Amino acid sequence: MRNRELAFLIMVGVLTAVGFASVYIARQDVISTSSLTYAGFFFALYVAAHLVTRYTVPFADPYLLPIAGLLTAIGLTEIYRLRPGDAFRQGVWIVVGVSLFSATLFVLRRDYRRLETYKYLFGFTAIGLLLLPILPVLGKTVNGARLWIQFGSLRFQPGELAKIMLIVFLAGYMREKREVLAQGRLKDWGPLLVIWVLAMLVLLETKDLGGGLLYFGIFLAMLYVATARIGYVAVGLGLFLIGAVGVWKVTPHVQDRVTIWLHPWTEHKVYCPTADSFTLRQNCQSFQLVKSLYSIGNGQFGGTGLGKGTFTTTSGAQIIPDLNTDFIYSALAQELGLIGVAALLLVYMIFVLRGIRTSLLAQDGFSKLAAAGLTFGFALQTFIIVGGILRLIPLTGITLPFVSYGGSSVVANFLLLAVLLLISNRANREVLR
Amino acid sequence: MNKQVSHVGIAALVLLAALIVATTYWQTWANASLANRQDNEIQLVAQFTIKRGKIYASDGRTLLATNVTRKVGGQTLYFRRYPTGPLFSDVVGYSTQSRNRTGLEQSYNDFLTGSNANLDTVFRSAIDKLKGTTVTGNDLVLTIRPGAQALALRLLRGKCGAVVAMDPSTGRILTMATSPTYNPNLIEKRYGLATRTSLPCGAPLLNRATAGKYPPGSTFKMVTAAAALDTGRFTPDSQFYDPGYCEEYGKQVRNAGNPEAPETFGNVNLSTGFQHSINSVFCNVGKTLGAGVVLDYAKRFGFYSLPPLELPENERVESGLYDHGRLFNPKHPDTQVDPGRLAFGQERLAVTPLQMAMVAATIGNHGATMRPQIVERIVAPGGKTITHLKPDQLGRPIKRQTADELTRMMELVVTGGTGTAAQIPGISVAGKTGTAEVGRGNIYTAWFTAFAPADAPRVAIAVVLENQPNGFGGTVSAPIAKQVMEALLR
Numbered sequence: 001m002r003n004r005e006l007a008f009l010i011m012v013g014v015l016t017a018v019g020f021a022s023v024y025i026a027r028q029d030v031i032s033t034s035s036l037t038y039a040g041f042f043f044a045l046y047v048a049a050h051l052v053t054r055y056t057v058p059f060a061d062p063y064l065l066p067i068a069g070l071l072t073a074i075g076l077t078e079i080y081r082l083r084p085g086d087a088f089r090q091g092v093w094i095v096v097g098v099s100l101f102s103a104t105l106f107v108l109r110r111d112y113r114r115l116e117t118y119k120y121l122f123g124f125t126a127i128g129l130l131l132l133p134i135l136p137v138l139g140k141t142v143n144g145a146r147l148w149i150q151f152g153s154l155r156f157q158p159g160e161l162a163k164i165m166l167i168v169f170l171a172g173y174m175r176e177k178r179e180v181l182a183q184g185r186l187k188d189w190g191p192l193l194v195i196w197v198l199a200m201l202v203l204l205e206t207k208d209l210g211g212g213l214l215y216f217g218i219f220l221a222m223l224y225v226a227t228a229r230i231g232y233v234a235v236g237l238g239l240f241l242i243g244a245v246g247v248w249k250v251t252p253h254v255q256d257r258v259t260i261w262l263h264p265w266t267e268h269k270v271y272c273p274t275a276d277s278f279t280l281r282q283n284c285q286s287f288q289l290v291k292s293l294y295s296i297g298n299g300q301f302g303g304t305g306l307g308k309g310t311f312t313t314t315s316g317a318q319i320i321p322d323l324n325t326d327f328i329y330s331a332l333a334q335e336l337g338l339i340g341v342a343a344l345l346l347v348y349m350i351f352v353l354r355g356i357r358t359s360l361l362a363q364d365g366f367s368k369l370a371a372a373g374l375t376f377g378f379a380l381q382t383f384i385i386v387g388g389i390l391r392l393i394p395l396t397g398i399t400l401p402f403v404s405y406g407g408s409s410v411v412a413n414f415l416l417l418a419v420l421l422l423i424s425n426r427a428n429r430e431v432l433r
Numbered sequence: 434m435n436k437q438v439s440h441v442g443i444a445a446l447v448l449l450a451a452l453i454v455a456t457t458y459w460q461t462w463a464n465a466s467l468a469n470r471q472d473n474e475i476q477l478v479a480q481f482t483i484k485r486g487k488i489y490a491s492d493g494r495t496l497l498a499t500n501v502t503r504k505v506g507g508q509t510l511y512f513r514r515y516p517t518g519p520l521f522s523d524v525v526g527y528s529t530q531s532r533n534r535t536g537l538e539q540s541y542n543d544f545l546t547g548s549n550a551n552l553d554t555v556f557r558s559a560i561d562k563l564k565g566t567t568v569t570g571n572d573l574v575l576t577i578r579p580g581a582q583a584l585a586l587r588l589l590r591g592k593c594g595a596v597v598a599m600d601p602s603t604g605r606i607l608t609m610a611t612s613p614t615y616n617p618n619l620i621e622k623r624y625g626l627a628t629r630t631s632l633p634c635g636a637p638l639l640n641r642a643t644a645g646k647y648p649p650g651s652t653f654k655m656v657t658a659a660a661a662l663d664t665g666r667f668t669p670d671s672q673f674y675d676p677g678y679c680e681e682y683g684k685q686v687r688n689a690g691n692p693e694a695p696e697t698f699g700n701v702n703l704s705t706g707f708q709h710s711i712n713s714v715f716c717n718v719g720k721t722l723g724a725g726v727v728l729d730y731a732k733r734f735g736f737y738s739l740p741p742l743e744l745p746e747n748e749r750v751e752s753g754l755y756d757h758g759r760l761f762n763p764k765h766p767d768t769q770v771d772p773g774r775l776a777f778g779q780e781r782l783a784v785t786p787l788q789m790a791m792v793a794a795t796i797g798n799h800g801a802t803m804r805p806q807i808v809e810r811i812v813a814p815g816g817k818t819i820t821h822l823k824p825d826q827l828g829r830p831i832k833r834q835t836a837d838e839l840t841r842m843m844e845l846v847v848t849g850g851t852g853t854a855a856q857i858p859g860i861s862v863a864g865k866t867g868t869a870e871v872g873r874g875n876i877y878t879a880w881f882t883a884f885a886p887a888d889a890p891r892v893a894i895a896v897v898l899e900n901q902p903n904g905f906g907g908t909v910s911a912p913i914a915k916q917v918m919e920a921l922l923r
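Residue numbers (this note's numbering), protein chains in the order written: chain A, 1 to 433; chain B, 434 to 923.
Treat the hints as calculated values from the structure; they're not laboratory data. It should be emphasised that the depicted structure is a prediction, and the values quoted were computed from it without experimental measurement. Built from N, CA and C at the ideal position, the CB exists for glycine as well. One thing to keep in mind: the hints can contain errors.
Claimed, not checked - Quick list of in silico lysine-lysine cross-link-like pairs, DSSO-like style, CA-CA up to 27 Å:
#1 Lys436/B / Lys177/A
#2 Lys308/A / Lys646/B
#3 Lys504/B / Lys119/A
As the list claims (entries may be wrong) - Here are some, though not all, of the chain A residues that point toward chain B, as calculated from beta-carbon distances under 8 Å:
#4 His50
#5 Thr56
#6 Pro84
#7 Leu161
#8 Tyr224
#9 Gly231
#10 Ala372
#11 Phe383
#12 Leu392
With the rest of the complex left out, here is chain A (with noise of 0.2 Å):
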């Protein structure tokens, strides 16, 4: 099994040099040939990784990994592509997520499971991370969400720690109640609500709207895992939706969010608040939005070509902000056109499919859900921001995983995929005795 991810990271490895390249051939009067080292280096770490898995999992998912690198790949070379300097720190952030998903693996090679005994601490470490960017000092608003936490120049996202943490809190408590949580008493599910009521709450003080879909898309999906009632599901959507108008009602962000992707194009002259005056909509408020659309769509069937996008004006200005982070989906979507884009959903899909390979063969309840939970929401995750791109729900910011720049991102996301190869490890070892 192993051996097979060795093979599959080579492919990797040599797709990463081919993707390198093309940027440097494009780019040559921008770039220079050092680019070519980041692919080797890659290569390394990887491999790095990959030895690490040997030894400490050694029965886990071949796919999993060579996936992650992939996905890491094609994000570092478009980020390298749009500003070289940022792909610096996304190489050191790599290096700290594969350095932290090693040290998981290490501590927790024994039994994952004692993770369990810790949930209410992962619950409310959890919401305290939530709560964190609420704090006067440290928290900073970036585009309308309090979602940032900063020291000095370093600046961190912690809910997409609080995640992961949240999945776990989850896992363990309703593997815990499950068959009293089917039926429906309602003491049982006192800690559940409170903990889940507090977590709304902080996503509205936030305003991440994303987030907020995000952890209750995943708890909907693990309870109905746990308790096998469909019901819970139809009620759990009911309540959200009337909280969703309740908060539309109530917050001018939210508004702005809806009439945005109900009508980005306007005909006539809106009110345009940042400026003060009246614009059509795409030149105001949903200019990012259009932008990215006509990003993706100038992309068409075959792509322009690694490092042949147009993401700047005749000026030289950016034509779409936050392009390598919220917006890195439009940028892949012009250079790799349909055929690229979709061969990177697929990739997603074939790391969802193994998620739930592991959460099939997984022999206890706990790690069931805890695959199930953690791949719901890596797929979850990634269709909320390249939804949001393409206009099928609203836009909000969030990272497209291992492939956004952004730390917190792809460190939390390393150890996600630490957890799922542990869950791996233990139930393909089962299988195999």
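Given the coordinates of chain A, assemble chain B onto it according to the supplied hints.
Chain B in isolation, oriented as in the chain A frame:
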């Protein structure tokens, strides 16, 4: 539990599959409508990645439009520059970042960007795109002579008007100058400065040669005389008595000059009437022929249709009768139009300099109208000529004999009539003056149209000057025509 886990897995896959569907929608189905959006900067930038074709004057060396390259965000972009500045601006036009284009830059955009349907070009552009190299457009070589063009523009300096010269036997436009004009290099940076002019007539962006509407005055007598001779109703020797006026609808229509003491010629023939531009003679011709016949001949010369030049449609206008600013094509011309005034170029006639040059060229070319053309050849980046100008006969509005009789009459105008200022030593010039009242005191629109050498003309010309105080066609416009013709015949 496994059943639920697989349900969750299916839900997750459905979500991701929805993303593929949505991406497909935007990248294939909606792609064209996104590209057409006005605020799509990517499309804006895209056209600057194309190396637009260059534009040259007839010598194939004088560069009228070229590109300067600039690196923006790692991309090489090509921006338009016009080395000759205002010299050719009305013909070449401009192409700006906001996709505004005029002149040949607009009408030949496909060729200049290498997106024309010509098989060679399609193939080459496709290869360029596949290789990822810069798409290079085709070059244009014009028929305009840079020397004469510069001379014409210099002669027009400080005046409002236009000069159009063409080769009567091939239709090649040799000069197309208009004043005031503008510097196309300023359009983008300082539009206000580019469109400013110190001249009172304003409108520097207007190509007066093809879109300026002027009362033709006596130059229209070429058309009336052509109708008179071609119908066989008159000969150059037909006799008239000129009392100094012509009677129409019971009123006197006086000859040109001082209204209190009109020039009176007494007994004259048609040829002398033409030579001295006697209004009463043509008034009587018009009354005899009727407005319908005169207008019919005007249409044969190209009136009432857009001059078939390669410039954009909105930069050309029809010549003809205009009523409240709109082209007026009378159903019953004999009751709706005053035949006498029509015959000597008044009524509500408005003509373009290009149209009058075409009339002169047709007479000079023995009665055959050649299609006016301005693009000599289109050259692919490799140097291969894709298309070459082919002279094209539009029609034959008058008989050869009529044309030759008219030529004799026009020669008399220059040798001893109203147009003596256009005489060129050693070369016989055939011409016709025109001085149209504009309804304000002694302010006139001054015309001169001519061709030379009279027997086998190599150049036909129309010169118009606006708002000339006490300026007659024969005194202010004829000298300009003479100098430009000299330059072109040299």
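Hints versus structure:
1. Lys436/B / Lys177/A: Holds. Lys436/B to Lys177/A sits at ~19 Å (cutoff 27 Å).
2. Lys308/A / Lys646/B: Violated - the C-alpha atoms of Lys646/B and Lys308/A are around 49 Å apart, more than 27 Å.
3. Lys504/B / Lys119/A: violated (56 Å)
4. His50: With Cβ-Cβ at 26 Å, over 8 Å, it is violated.
5. Thr56: At about 25 Å, which exceeds the 8 Å cut-off, the nearest Cβ of chain B leaves the hint on Thr56/A violated.
6. Pro84: Since the shortest Cβ distance to chain B is 10 Å, the answer is violated.
7. Leu161: It is violated, given that the least Cβ distance between Leu161/A and chain B is near 22 Å, above 8 Å.
8. Tyr224: holds (6 Å)
9. Gly231: violated (13 Å)
10. Ala372: This hint holds: Ala372/A lies near chain B, its Cβ roughly 5 Å from the closest one there, short of 8 Å.
11. Phe383: OK, holds: Phe383/A within 8 Å of chain B, min 4 Å.
12. Leu392: holds (5 Å)
Violated hints, in rising order: 2, 3, 4, 5, 6, 7, 9; the structure is consistent with all others.
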